[in-house]
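Asks: Sequence:
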Amino acid sequence: MKRELSPTKLTNPEITRYFGLVKNGLIYEEFINKCDIKNRDEAKMMMYKVLFGTNGDTKKYNKMFHSLFPTVYKFIKDYKRAKNNYKTLSHSLQFLESDFIFNKVIKHLMKSNPEIKIFTVHDSICFPIKHKKIVTDVFEYYKRNLLS
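Numbering (this note's numbering), first residue to last: 139 to 286.
The set of hints was computed from the structure by calculation and includes no laboratory data. Hints are not guaranteed to be accurate.
[As the list claims (entries may be wrong)] Calculated lysine-lysine pairs in the BS3-like style (CA-CA distance at most 25 Å, straight line):
{"#": "1", "residue 1": "LYS198", "residue 2": "LYS187"}
{"#": "2", "residue 1": "LYS187", "residue 2": "LYS172"}
{"#": "3", "residue 1": "LYS198", "residue 2": "LYS215"}
{"#": "4", "residue 1": "LYS215", "residue 2": "LYS242"}
{"#": "5", "residue 1": "LYS268", "residue 2": "LYS245"}
[As the list claims (entries may be wrong)] With beta-carbon atoms standing in for the labels, derived distance ranges:
{"#": "6", "residue 1": "ASN162", "residue 2": "PRO252", "range": "29 to 35 Å"}
{"#": "7", "residue 1": "ASN171", "residue 2": "SER236", "range": "29 to 35 Å"}
{"#": "8", "residue 1": "ARG141", "residue 2": "LYS201", "range": "26 to 32 Å"}
{"#": "9", "residue 1": "MET248", "residue 2": "ASN283", "range": "14 to 20 Å"}
{"#": "10", "residue 1": "LEU164", "residue 2": "GLU142", "range": "19 to 25 Å"}
Each residue gets a CB set at the ideal place from its N, CA and C atoms; glycine is no exception.
Can you build the whole structure from these sequences, using the hints too?
Replies: Below, the structure is given as structure tokens:
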């Protein structure tokens, strides 16, 4: 959204609230607390369907998402429609995630701390626990830059 919307639109209180929930890892809890969602697994499934699915307005999860974040939901639908392919958003998000992990976090760690043995599994970084503070600090630094 930050790459696609004007700075004026990004100051919309709904979008600001959505970004804050995502940034602080509370988006799933928001859906659990305000929708008929039972747990994090179901909230995660809802997010996958909204972000990566076809977004029929009568679908249960799309209605729930729209009820809390109508502007964000409209952006998602419009983005997919403009690209003429509902899969485009998932591809863009996967590229963003891999760029974040490999070109930012891993690259930084390999240059600044080559003694840390790291490997990735999907979207996770695995490393010896004794390096948790270093890895967490680097990860959080890039996350702040990405989401601020």
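Asks: Taking each numbered hint in turn, which are not upheld by the structure, reported in ascending numerical order?
Replies: 4
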